[in-house]
Amino acid sequence: MAGSLTVCRKELADVLGSKRYIVLFALIFLMSTMSAYQGAQFISNNTGSNFLAIFYGSQFGFSFTTLMVYFGPIIGLALGFDAINKERTSGSLSVTLCQPIYRDSIINGKILAATASLSLLVVSTIGIMCGVAVSILGFGPTLADVSKIGMYMLLTVIYLAFWLCLGILFSTVTKKISTSILMSVSVWIFCAMVISIVAGLLGNYLVPISMPSGPGIGRGNSTNPFNSPELRALFQQRNTLETNIRRISPSYLYNEAGSAILGLIGGGGFGGGGFIEIGGGANPFRAAGAGDLTQALAMVWPQIMALIVGMIVCFAASYMLFLRQEIRPGG
Amino acid sequence: MSKPIIQTQELTKNYKEVKALDHLDLTVFEGEIFGYLGPNGAGKTTTLLALMGLTVPTSGTATVGGYDIIKDSRKIRQIAGMLPEGAGFYEDLTARQNLNYICQLNDIPKLEMEKSIKELLDAVDLRNRADMKVEKFSRGMKQRLGIAEVLVKNPKIAFFDEPTIGLDPQGTKEIRDLLIRLNKEENLTIFLSSHLLYEVQQTCQRVGIIRAGKLIVADTIENLSNRIAGKDKVVIEFELSKVDADLIKDIEGIDGVISVDQNERKLYVHMREDKSGDVSQMIIKHGATILLMKPKERSLEDIFIEYYKEGA
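Chains A and B, in that order, give the protein sequences. Take the first sequence: its position 324, counting from 1, is numbered 366 in the numbering used here, and each next residue is one higher. Take the second sequence: its position 30, counting from 1, is numbered 47 in the numbering used here, and each next residue is one higher.
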């Protein structure tokens with residue numbers, strides 16, 4: 043454990059001082075502050091919406107939640123994708139391993155340090171957002187809101203840590219940094235974008251819906267065929283299927299869990315069910331901040347657990363691989 | 018002779034299909050500089066990794082400084098340092114910060130740390146570059162920093178894997194001198210793996226030659242040389258003002274001379290016993306002048322090639 047802490051301390055200094063982290067931090071910081079401003083505008087325009095709307099309310103296309111859904115993976119992966127293979131290539135790994143520490147101290151220390159940096163990023167960003175919003179709105183979050191914000195922070199850290207562990211797994215599996223970058227980007231594009239297209243196509247294929255046509259449709263007809271129970275059932279079925287396919291993506295799970303915690307009850311996530319459309323905006327009529335935290339947690343507990351399990355699996359896989367790998371210097 | 022500090026018994030390591038180490042038996046004694054010779058891929062690096070406990074042998078045992086390489090590998094890394102081949106550093110950190118980190122990993126108390134880092138930077142001649150980022154270092158400077166990282170824990174044994182590869186002659190000499198000095202002053206046992214024969218000959222007291230994972234021979238350079246010499250005990254090199262066929266024929270006729278090799282105006286006379294007096298007289302009788310006369314030394318290269326031929 044002492045070895046882990048030494049590695050962690052050094053890695054933390056490295057990460058916090060790295061250009062990569064500073065650029066990411068500056069970008070996220072800027073966008074978050076803007077989204078807090080937008081969120082505050084949203085609240086002023088929609089009376090009855092709650093303080094938490096600063097995270098999802100948007101006027102010009104994006105909010106903090108969509109930002110995290112789509113760019114969170116990049117933050118996590120960026121801190122992990124070259125953690126191991128960079129040191130392997132440069133030869134510093136073999137020098138470190140020649141010291142009297144256990145091999146797992148290195149990977150533990152690295153993950154610990156990167157997770158701490160991610161937490162710092164999330165906590166400080168959300169803190170600043172609240173500050174900006176309070177100064178615009180003139181009122182702050184209630185105690186219930188604060189607990190929801192805390193939970194949302196934790197969820198976001200878990201989500202980012204999942205991507206971090208995935209990145210570290212890639213950096214353990216591959217010898218070349220270029221390969222692990224490519225893997226990271228592919229997985230990100232798949233989870234953030236492609237999965238929705240796949241879900242749409244599969245839904246279309248597996249649950250075919252023939253649109254009613256012919257004499258049934260027309261003015262003056264007392265029964266609207268679009269409202270027939272059969273058709274509605276089919277749409278419902280397709281919707282459920284698509285949602286389940288989208289749940290393969292951790293981004294979607296995070297989206298669902300996050301919207302429930304922030305009080306956007308009723309699935310579909312931020313952006314009124316349209317997962318793919320960045321900045322779909324939240325439906326003001328649903329954004330009432332209703333429901334309490336325990337209720338929300340009970341609803342999205344499976345999603346949160348899935349993220350945690352995913353993170354642990356990635357960590358364990360890279361841990362095992364790293365311990366078994368031969369350390370040949372220079373390659 | 019002093020007591021053994023590294024001992025391996027039947028050490029074997031298989032990578033998928035390759036036998037990197039094949040029942041290796043090796044002994045290194047305390048306080049010596051041991052040269053570990055072999056071409057690329059003979060198993061030198063694997064031996065070092067196994068001795069530092071960084072790779073688990075398929076079978077066999079070994080101890081380093083009395084510790085078992087499997088059970089006590091962490092303790093070995095406390096008393097032994099290694100400069101691996103292609104060693105790298107944290108390029109964003111300065112030399113001092115790199116050394117600091119290594120000290121922390123070794124649990125060296127802070128007070129002691131600052132003092133020994135200062136001394137070491139002096140010893141490896143990096144005191145003026147201590148606060149420069151390693152990315153700006155030349156290859157030789159990095160190599161010297163690597164040596165400092167090995168020594169900072171004040172080890173009993175130091176393993177060096179090709180420490181002078183890719184260095185210019187000046188850098189090579191500096192590192193060689195540093196190693197010899199450390200061995201003398203600190204009684205540091207040095208295990209030097211290299212395929213540069215000249216370097217090993219200049220530095221090491223004893224050498225081991227490894228081929229396809231097996232130790233062919235291990236002894237002092239002098240003993241190895243004598244052992245190869247075998248049948249023709251004495252070889253003397255003469256450099257003459259002129260050489261002709263008659264002279265060679267007459268020298269070959271002298272009792273005790275086995276053969277004469279000619280290389281322009283140099284003659285290498287192989288003899289059963291030292292007959293250089295008779296040979297000199299014969300040369301003078303032929304009207305030639307002796308410009309130089311000396312016993313021929315066998316270089317490590319001859320020894321190496323000879324043993325490789327034998328082993329094949």
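Among the hints, erroneous ones may be present.
Taking lysine to aspartate or glutamate pairs in the EDC-like style, the calculated list, with each CA pair at most 16 Å apart, reads [stated by the list, open to error]:
#1 A:K61 with B:D109
#2 B:K33 with A:E272
#3 B:K36 with A:D56
#4 A:K61 with B:E108
#5 A:K217 with A:E368
#6 B:K150 with A:D56
#7 A:K128 with B:E152
Label pairs and their in silico Cβ distance ranges [as the list claims (entries may be wrong)]:
#8 A:M347 with B:E27: 46 to 52 Å
#9 B:G183 with A:S228: 47 to 53 Å
#10 A:V65 with B:K132: 38 to 44 Å
Keep in mind the hints are simulated off the structure, nothing from the lab. Glycine included, C-beta positions come from ideal geometry on N, C-alpha and C.
query = Quick one, are K217 of chain A and E368 of chain A close enough, alpha carbons at most 16 Å?
reply = This hinted pair holds, its Cα atoms lying about 12 Å apart.
query = Is the Cα-Cα distance between K61 of chain A and D109 of chain B 16 Å or less?
reply = Distance ~11 Å between K61 of chain A and D109 of chain B Cα, so the pair holds.
task = May I ask you to test the hint 46 to 52 Å on the CB atoms belonging to M347 of chain A and E27 of chain B?
result = For E27 of chain B against M347 of chain A, whose Cβ atoms are near 51 Å apart, the range 46 to 52 Å holds.
request  = Could you say whether the range 47 to 53 Å given as a hint is met by the Cβ separation of G183 of chain B and S228 of chain A?
outcome  = 37 Å, violated
message = Can you confirm whether the C-alpha distance between K36 of chain B and D56 of chain A stays at or below 16 Å?
response = Violated: K36 of chain B and D56 of chain A sit about 40 Å apart, past 16 Å.
ask   = Is the hinted pair K61 of chain A and E108 of chain B satisfied, with a Cα-Cα distance of at most 16 Å?
value = Holds. K61 of chain A to E108 of chain B sits at ~14 Å (cutoff 16 Å).
message = Against the 16 Å threshold, does the CA-CA distance of K128 of chain A and E152 of chain B hold or violate the hint?
response = Status holds; Cα separation ~15 Å.
task = Quickly compare the C-alpha distance for K150 of chain B and D56 of chain A to 16 Å and report which way the hint goes.
result = Between K150 of chain B and D56 of chain A the Cα gap is close to 14 Å, so the pair holds against 16 Å.
query = Quick one, are K33 of chain B and E272 of chain A close enough, alpha carbons at most 16 Å?
reply = Distance ~62 Å between K33 of chain B and E272 of chain A Cα, so the pair is violated.
K132 of chain B and V65 of chain A - C-beta distance against the hinted 38 to 44 Å = Taking Cβ atoms as reference, V65 of chain A and K132 of chain B lie about 39 Å apart, which means the hint holds.
Checked against the numbered hints above, the structure violates hints 2, 3, 9; every other hint is satisfied.
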